Amino acid sequence: MGTISFRAVSKTYEGQGGVRALDAVDFDVADGEFVALLGPSGCGKSTLLNILAGFEPLTEGAVHFDGSPVARPGPDRGVVFQEASLLPWLSVWENVVFGPKVQRLAKSDYEPKARAILKTVGLENFHNALPVQLSGGMRQRVGIARVLVMEPRALLMDEPFGALDAQTRLSMQQLLLEVWQKLRTTVVFVTHDIDEAILLADRVCVMSSRPGKITRSIPITLRRPRSIDDLTNPEFIRFKAMIMSEMRSFQEQH
Amino acid sequence: MSITEKQTGTALPALPRLATRLPYGGRVGKAILGIVLPILLIAAWQLSGENGSLAGGALPTPDRVWQAWLVWAFGTPTFGLNPYVGTWVDSVLFSALRVAKGFGLAMAIGIPLGIMIGWSRIVAEVVDPTIQWLRPIPITAWLPISIALFGIHDFGAVFLIMIGAFYPIVINTTQGARDVEKNWIRAALMMGAKPRDILVRVVLPAAMPAVFTGLRIGLGIAWTAVIVSEMVAVKSGLGYVLWDAYYVGRMDIVIADMVSIGLLGFLSDRLIVAIETWALRWRRLQSFRT
Amino acid sequence: MNRRTILGGIAALCVSASIPLQASAQKAPLNPPVKLTVGYQKVGHLAPITLVEEELKAQGVELNLVEFVRYADARTALLAGSLDVAAVGPADLAIALANGSTNMVGIMGVGSSPKYVIGRTGTKLDTWEDLKGKKIAIAPGSAVWFQFAATLIEAGVPYNSFNAVNIQGGGANFNQALEKGEVDAIVTWEPFESIPVMKGYGFFAKNLDYSKSKAVGAELGMLAATKQAMNEKRPAVERFVSTYVKKMKELEASRTKFGEAIAKLTGLEPEVSQKIAEVIQLGPVITPDQIKRQAKAFNELGVIPKDVSGEIENYWDASLLETAMKQ
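Chains as they are written, first to last, in the working numbering: chain A, 1 to 254; chain B, 1 to 290; chain C, 1 to 327.
Check each hint, because a few of them may be wrong.
Unchecked claim - Lysine-lysine pairs mimicking BS3-like chemistry, simulated, CA-CA at most 25 Å apart:
#1 A:Lys-101 - B:Lys-182
#2 C:Lys-180 - C:Lys-124
#3 C:Lys-264 - C:Lys-247
#4 C:Lys-212 - C:Lys-57
#5 C:Lys-296 - C:Lys-42
#6 A:Lys-101 - B:Lys-194
#7 B:Lys-194 - A:Lys-107
#8 C:Lys-199 - C:Lys-35
#9 B:Lys-235 - C:Lys-180
#10 C:Lys-42 - C:Lys-249
#11 B:Lys-194 - B:Lys-101
#12 C:Lys-227 - C:Lys-134
#13 B:Lys-235 - C:Lys-134
#14 C:Lys-57 - C:Lys-42
#15 C:Lys-227 - C:Lys-35
#16 C:Lys-247 - C:Lys-199
#17 C:Lys-132 - B:Lys-235
#18 B:Lys-235 - A:Lys-113
#19 C:Lys-326 - C:Lys-57
#20 C:Lys-214 - C:Lys-227
#21 C:Lys-249 - B:Lys-235
#22 C:Lys-199 - C:Lys-57
To be verified - Covered stretches of chain C (chain B as the covering partner; in silico rule of three or more C-beta atoms under 8 Å from a C-beta of chain B):
#23 70 to 77
#24 91 to 100
#25 176 to 182
Since the hints were made in silico from the structure, they are not lab data.
Note that the structure is a prediction, hence the values are computed from the model and not measured.
Think of the CB as a built atom: it goes at the ideal place given N, C-alpha and C, for glycine as much as any other residue.
Isolated chain A, as found in the complex (with noise of 0.2 Å):
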């Protein structure tokens, strides 16, 4: 259940001589494992993760999630975006019962799913408000409500907190460790940030650009349940430097 596996993917854009985003990955991730992609902008995080979630055809090599081909999104891989991207003339109800509905599930299955969920992120008061009236950390929980719903098989994410200032995005975080902490489904998070990453992660996935390659995967094994008080922890601090030294030294390589 959730498992993924890439195999000598390649990305190349046309244009301009051609963009080559992703060069020859393998990238696996196993049922229940959080994996953090991490890297500079540009170095294609998030176009493996629009190869996972089916919106971008690969130019090269298999994805495969669960042993099937991935051939087109679908709720079995749930994707959170960046700027939430609700629907704006849906209440947040309706867009988190969005996903139910239009796969004509049943309103007795789905409709205490939402209001639970929406208890869960905090949301139970507003369920009528539109996104133009919700703070973009209130937006983020939608999403990642209408996401939940659907109980995917796993989790994506491209970079659901980088549009939110640091008070909101370490309550966030917060959040998503309880969440997560209860339903351990398989969840692949793009992040620039090294803190977020190593917070959240079992691994994390160290990426670079120009090509796009996972240059080293490194293991997280501070103990679990994790909380955002774990930022200061010693054992943090040094994941953080191991981390940092790496990319550093990818940097001076280029």
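Position chains B and C against the provided structure of chain A, taking the given hints into account.
Then chains B and C, alone, in the frame of chain A:
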């Protein structure tokens, strides 16, 4: 331990207002400003006439237009052959009904077609060139064909009004359908939506702001089309009255008629704006952030 | 011979010598040439207008002919001063005066004809009573409408006894509507009267002649000028009227020539043009008295807002027609 949103409290911010406010007077001030220019123009027009006429007697002064309109709207019909007594409301209703039908048809065809053209490249390549090629043909030029096809039936006028309103609606809708945010579509796909669902549940609502722009422009054109469409083979309505009064030299009625059409166009536009404001309340430009 | 006889003889010689001089003095070209802008319609009863241009040039009048589709357009252009002379409908003088204009001066009528209601083949139209309940297509505000309405009133037939289908615009729609059976009869102008008859889907209802009302009569059109043209370009207008009348008499004398002139002016087929030439009688029938009766009647009916019958005399100049007829 779940986090509750303490900082926002329980009161939800009201939907933000769209309009900028004038520094003085508010609504009344705005209305007064708007009236100044017309009053000046009417005064100049009245004063430049002699004995109730100008341009060698070809045009009447505003007071005569006003008198004519009063009789046209409120007079009691007598036995004679003067059709401009108490028939204003009827004329308005006839034309308004034709505009409603023509505009309704234009919407019913233009919006779905525009969505399909914006969404599907095949549809675009097959249908769009024909639309672009027919578009420059003015409504007046369609008149002879309309008469040949529909004769003296009311539908001829409705047909011409529909043609006038159709192009802005379909073109704006197409644009709106093309400009949908990519991530909204990706989100819908990710949530399991099939292409038909995406068209109806994402593309159509997302295109609404552009659709309304098209509707406003189209409705304006529909009213101008009334004059052309009621020029021939029709026996009622404001456009018909324009020509009829002109033939018997009643320029006072002609001008009263022009003002009536302008007024109706204005009012129907306000109606669409009101509907648009309600339908697009999700789209206020100022968003609220804590 | 005595002195008186000689003097008398010399006087007679002088007079007889001056007669040709007088005649040629009238036709002496205007120098410098005067431009005259004349509005007209492409209708059969204005056929003489196709023949006047050359002769007028020789008389020093440069003719600028401007075509209009409707009487109303020519009338408006005349009142606004864009035209010097225009062919308008017989009711247009009363209309102009009643609506506040004082710029028009009527000169002469142009022609007359019987006017029959054109019925759809197979419809019974023997008496005015037969109109009851039928759908009749009519163009409100047109010259024929005035004739028709006046005739009905004088015949005691209520205007609402039949179903008036008011169709604006050119006569082609009338014919289409008649052919398709959307109306039972039409009241219109040539060539749209002859065309249905020739094509077989219409007939002249010979008992329903609406050209004979006292109020409006049988006149088909009228030539009028602006006050300004009469004051500033009178010699040119006189020459125009004289030449027009001369050509009118020529066409009156030969139906064939008339038919050809109609074809040239309107572009209609020779067959139709000839038929029209047989129906129309060139030559004015309208008089100031007739116009007064019209003005009064239509004011009573509410079509014309003011009773201007008393003012007609001031806006009619019969002298140009008189001079022209003496040629």
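Provide an ascending list of the numbers of those earlier hints which the structure does not satisfy.
Violated hints: 4, 5, 8, 11, 12, 16, 18, 20, 21, 22; rest satisfied.
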